[in-house]
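Asker: Sequence:
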Amino acid sequence: MSNTADPYLWLEEVTSDKALDWVRARNETTTAALASETFDRIEFRIREVLDTDARIPYARRRGEYLYNFWRDAAHKRGLWRRTTMDEYREERPDWDVLLDLDAVAESEGENWVWSGAQVLRPDQKIALVTLSRGGADAAVVREFDMETRTFRDPESNGYLVAEAKTDIGYIDSDSVYIGTDFGEGSLTDSGYPRIAKRWQRGTPLADAAVVYEGQPSDISISAWHDRTPGFERDFVQRATDFYNSELYLVDGTDHTLVDTPTDATTSIHKQWLLIRTMTDWTVDETTYPAGALLATNFDAFLRGDRELDVLFRPDEHRSLHQFAWTENHLLVVTLVDVKTELRVLTPGVDGWADTPLTGLPELTSIEIVGTDSEENGDEFFLSSSGYLSPATLLFGTVSGGVEALKQAPSFFDVDGLTVAQHFATSLDGTAVPYFVVRKDTAAAGPTLLYGYGGFEISMTPSYSGGMGLAWLERGGTYVVANIRGGGEYGPSWHTQVLRAGRHKVHEDFAAVARDLVDRGITTAQQLGAQGGSNGGLLMGIMATKYPELFGALVCQVPLLDMKRYHLLLAGASWVAEYGNPDDPDEWAFISEYSPYQNVSGPDEKRYPPILIATSTRDDRVHPGHARKMAARLEEVGQNVSYFENIEGGHGGAADNAQLAFKTALAYQFLWTALSA
22 MSNTADPYLW LEEVTSDKAL DWVRARNETT TAALASETFD RIEFRIREVL DTDARIPYAR
82 RRGEYLYNFW RDAAHKRGLW RRTTMDEYRE ERPDWDVLLD LDAVAESEGE NWVWSGAQVL
142 RPDQKIALVT LSRGGADAAV VREFDMETRT FRDPESNGYL VAEAKTDIGY IDSDSVYIGT
202 DFGEGSLTDS GYPRIAKRWQ RGTPLADAAV VYEGQPSDIS ISAWHDRTPG FERDFVQRAT
262 DFYNSELYLV DGTDHTLVDT PTDATTSIHK QWLLIRTMTD WTVDETTYPA GALLATNFDA
322 FLRGDRELDV LFRPDEHRSL HQFAWTENHL LVVTLVDVKT ELRVLTPGVD GWADTPLTGL
382 PELTSIEIVG TDSEENGDEF FLSSSGYLSP ATLLFGTVSG GVEALKQAPS FFDVDGLTVA
442 QHFATSLDGT AVPYFVVRKD TAAAGPTLLY GYGGFEISMT PSYSGGMGLA WLERGGTYVV
502 ANIRGGGEYG PSWHTQVLRA GRHKVHEDFA AVARDLVDRG ITTAQQLGAQ GGSNGGLLMG
562 IMATKYPELF GALVCQVPLL DMKRYHLLLA GASWVAEYGN PDDPDEWAFI SEYSPYQNVS
622 GPDEKRYPPI LIATSTRDDR VHPGHARKMA ARLEEVGQNV SYFENIEGGH GGAADNAQLA
682 FKTALAYQFL WTALSA
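Each residue of the sequence shown is one higher than the one before, starting from 22 at the first, in my numbering.
FYI, nobody ran anything at the bench for these hints, they're computed from the structure.
Because the structure is a prediction, the values reported are computed rather than measured.
Treat the hints with care, since some could be wrong.
Unchecked claim - Mimicking DMTMM-like on lysine to aspartate or glutamate, the simulated pairs with C-alpha atoms at most 25 Å apart in a straight line are:
#  : residue 1 : residue 2
1  : Lys460    : Asp539
2  : Lys566    : Asp604
3  : Lys97     : Asp61
4  : Lys97     : Glu184
5  : Lys291    : Asp320
6  : Lys291    : Asp371
7  : Lys626    : Glu494
8  : Lys566    : Asp434
9  : Lys584    : Asp606
10 : Lys146    : Asp166
11 : Lys97     : Asp166
12 : Lys291    : Glu267
13 : Lys525    : Asp606
14 : Lys291    : Asp280
15 : Lys146    : Asp115
16 : Lys360    : Glu477
17 : Lys146    : Glu85
18 : Lys584    : Glu598
19 : Lys525    : Asp262
20 : Lys146    : Asp121
21 : Lys626    : Asp27
22 : Lys146    : Glu253
23 : Lys291    : Glu424
24 : Lys291    : Asp330
25 : Lys360    : Glu424
26 : Lys460    : Asp434
27 : Lys360    : Glu400
28 : Lys566    : Glu424
29 : Lys566    : Asp539
30 : Lys525    : Asp539
31 : Lys146    : Asp174
32 : Lys566    : Glu598
Please build the complete structure, drawing on both the sequences and the hints.
Answerer: Given below as structure tokens:
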């Protein structure tokens, strides 16, 4: 299908009456087809999981306070609240509610969805609160007075930023760095800030001083202040594409380039500069491999010194997953064949000491969820979970050991369930790992295969109460594929599938699907697959290229029209991942897999039943992708169901009720199709 012949461009008009009438008609058909007592029961139980007070109230430590945003049945939109560490240790902490978002939304007649808050330290008396309408990425920023528990009036010098994709942060109590929609020409082609400014309190935004100005082709420009005592600095980052950026130290009007590789992850803590390489980097005849973590003195590096310490070196089984500073130590999480290990690195006069962090739960995945190097020394918070192990919040200090601080409840029966790891062989011979969760005595039956495969995002084992009660308890098998495109084996696991290498992602997922059948875990008719966003693109490709491997597919908030993706919302920022469809050479390989351009009728290929779901308010991946694909599938006579949440942003839901409904809808669709 050529772009000029596309009969469904009108479905890209997000809020037009014609398009929304089309959406509502299909929503009604889909929900009616799946309505049942079983669906209602699953939705109710998922809602209980989302609303229960027994969940862990994950919090961010900021000095003496721990901050948490909380939704439950009584607080649909949520509460922003804080407490002390002593209280947090209690089974039922005494929370100090700072902001009741339900009350604000009702009083203002707005569908506010929480997008975060930045508290100015050390006093913690004011904060920048970000709220979106319906869950969109574009949001309104308002300054909040934490003593009066009210929003500051902009007429009285409070900060207020109109709805936009804004980057903002405090410098001090009377100034901020800001990038936002300043008017015509102030955004990049991707819709993000092109200009960073310093905005003084009490002055018009139009008078804010320009700190840095990028190019329209850049992804974004951002500026921030590092307030670490004794190491106060200002920085600007220019993201030239999704994986390349330039970092500058700002001193007045002077900008000094931090001359690290543009594709590396670069961070500064006190005197230390850390560099995580994405590709091999040769410095003074020494080559550091992709996926390494390097350290050096920041000031010396700016002066030209290139003496680098190797803190982590990957191998074919081991990759760097996370790292975070406490005051005096660096916590490093590595993956060994997608299983986590955690070590402590400590700089000293004789180099860096490297020791394992002990006292952690076995057979679970570990994630660093918080450190506060500024005011709370060497403490840290970790989260431990697995497919069958509910989350445990761990607290510790580097020298004082680790304790289980809070434990989430189990939401489904794990009796007889096991977790196994297998490896499938992809078309080019690459071994692709995947995890299987099922009854140890199960025969071949309904199986759900989940995949993402992009942007170096690793799929590590984690607990999902909703999945467990809606799928595993019914006798289903759950599978997660660690396909290329993720970061499970370091940067090369991702970089080898960029642009022209994208086909390897699809081949990996298809290899896992075949391997599941070969092992007798399922059959093609009983195998379903699910993915969202980039994973939604993967589902579209499975439908159009590999329909014989699956019995049903769920495709959520997807990219599907790869001829126009770069023209829609944030799509231009992903050209580094997929390629530029305006370049004939690159369109040649994109066109081979772009789902929308490769739809065929059932006489040529019969696709498995597919549910396509999206959100009207998604301003990251345009809902036109999902709409047009569903319309095209309907046109040619394929079996397609469609559901679009009228709000909810890229996550697809604005509150727990919506999330429970759309989650239950996907599981019920798959179970109905695969158990027929």
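Asker: Within 25 Å, alpha carbon to alpha carbon, are lysine 525 and aspartate 539?
Answerer: holds (20 Å)
Asker: Holds or violated: lysine 146 with aspartate 115, Cα cutoff 25 Å?
Answerer: Distance ~20 Å between lysine 146 and aspartate 115 Cα, so the pair holds.
Asker: Starting from lysine 626, check that the Cα of glutamate 494 is at most 25 Å away, please.
Answerer: With Cα atoms ~34 Å apart, lysine 626 and glutamate 494 exceed 25 Å; violated.
Asker: Are lysine 525 and aspartate 262 close enough, with their CA atoms no more than 25 Å apart?
Answerer: holds (22 Å)
Asker: Between lysine 460 and aspartate 434, does the CA-CA distance stay at or below 25 Å?
Answerer: At roughly 11 Å apart (the allowed maximum being 25 Å), aspartate 434 and lysine 460 satisfy the hint.
Asker: Need the status of pair lysine 291, aspartate 371: alpha-carbon distance at most 25 Å?
Answerer: holds (19 Å)
Asker: Sort out whether glutamate 267 lies within 25 Å of lysine 291, counting only the CA atoms.
Answerer: holds (20 Å)
Asker: Straight-line Cα separation of lysine 291 and glutamate 424 no greater than 25 Å?
Answerer: Since the Cα atoms of lysine 291 and glutamate 424 sit roughly 28 Å apart, the hinted pair is violated (cutoff 25 Å).
Asker: Run the distance test for lysine 146 versus glutamate 253: straight-line Cα separation, threshold 25 Å.
Answerer: holds (21 Å)
Asker: Verify the proposed pairing of lysine 97 with aspartate 61, using a straight-line Cα cut of 25 Å.
Answerer: holds (19 Å)
Asker: With a cut-off of 25 Å on the C-alpha distance, tell me whether lysine 566 and glutamate 424 pass.
Answerer: violated (49 Å)
Asker: Lysine 566 and aspartate 434 were given as a pair; does the straight-line alpha-carbon distance stay at or below 25 Å?
Answerer: Since the Cα atoms of lysine 566 and aspartate 434 sit roughly 37 Å apart, the hinted pair is violated (cutoff 25 Å).
The structure shown violates the earlier hints numbered 7, 8, 23 and 28.
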